[in-house]
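If you want the building blocks of each chain, they are given just below.
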Amino acid sequence: MPVCGSVRREMGTPADSPLEADEVATLAALRAGDERAFVALVDQYHTAMVRVASAYVPSFAVAEEVAQEAWLGVLNGLQRFEGRSSLKTWIFRILTNIAKTKGMREQRSSPFSSLFTDLGDDESAVDPDRFAAEGQWLLAPTGWGDSPEQKLETAECQAIIHQAIETLPPNQREVIRLRDVLGFTSDEVCNALDVTETNQRVLLHRARSRVRKALEQYFREAGVG
Amino acid sequence: MSQEGRFSWLRRILGREKATAAPLACRELVELVTNYLDGALTPGEHARVESHLADCPHCTRYVEQMRLTIRATGELREADIRPEAREALLAAFRDWKSG
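As given, the protein sequences belong to chains A and B, one line each in that order.
Numbering-wise, my numbering comes out as the position in the first sequence, counting from 1, plus 1.
Numbering-wise, my numbering comes out as the position in the second sequence, counting from 1, plus 5.
Chain A extracted, bound-state conformation:
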């Protein structure tokens, strides 16, 4: 069961179906056998599906297999899909179910179920040494110079961010990728990863804090601020 999602979903009359207008069109095209609609959907979600699956299974190759299998599940379920959830939510629920089954078979020693419930040790967003005993800043955040938006788009900064994400613990890494790289909403992440809203935010906060820290360090070493 999804841990957090809309209550509306359970009532599911066509009038308050959470399907977006473009999803209604996509669904009709898919049912009519429109190849372009299918390929567009694959291009839109496949990478994210492999990403989500990789949280449950031990290797990229298996994650890819899970995603392929999920697409078959989507095709076979198309005629029965009633639009009680968004198309995206439905697709990721199919994916997650397959990934979990496969994960349980292949990864007996470290059950996935603990990945998003056991968040690891407490972790501060900022090094505690940077605050005085009363909690105010001793070493305030250093500036990122003029027009930081542009600097952050450079290949160098993008590489710093990529590297910072790669070195995160797996649970933080998956959450930040879905939320901030792939643009999932909080609800969509909870649904895809079977994580509570609270835990999702804790993991996201830790992940973002670490990425910010890496950027601050980069700018400081570059002599900015």
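What the hints contain is simulated information worked out from the structure, not anything from laboratory work.
It is possible that part of the hints are untrue.
With a straight-line cut-off of 30 Å between C-alpha atoms, the simulated BS3-like cross-links for lysine-lysine are [as the list claims (entries may be wrong)]:
id	chain 1	residue 1	chain 2	residue 2
1	A	LYS103	B	LYS102
2	A	LYS152	A	LYS214
3	B	LYS102	A	LYS101
We have chain A; now place chain B onto it with these hints.
Using the frame of chain A, we list chain B on its own:
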């Protein structure tokens, strides 16, 4: 209007009063940024964060850097689907269509 909606202004004001009673420390504020940006704080907590930010340039900078970080992370590109995988899926779609 729902009970909750009707009294939201009241709760905001109460939250503000609470803010003067128990100001946030900078160390606490940095832990609330994601909840703050997601709109997931209670009205009282939200008001405490805002009143802290109103006169703390360091935390204002910190929150701004978190916003910049989120935006820049959104610029990262995940690898595209591999052509073989795309071909295999297209073949599966054709099978499904003819079956």
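Each hint, compared with the structure:
no. : hint                : result
1   : A:LYS103 / B:LYS102 : holds (27 Å)
2   : A:LYS152 / A:LYS214 : holds (16 Å)
3   : B:LYS102 / A:LYS101 : holds (28 Å)
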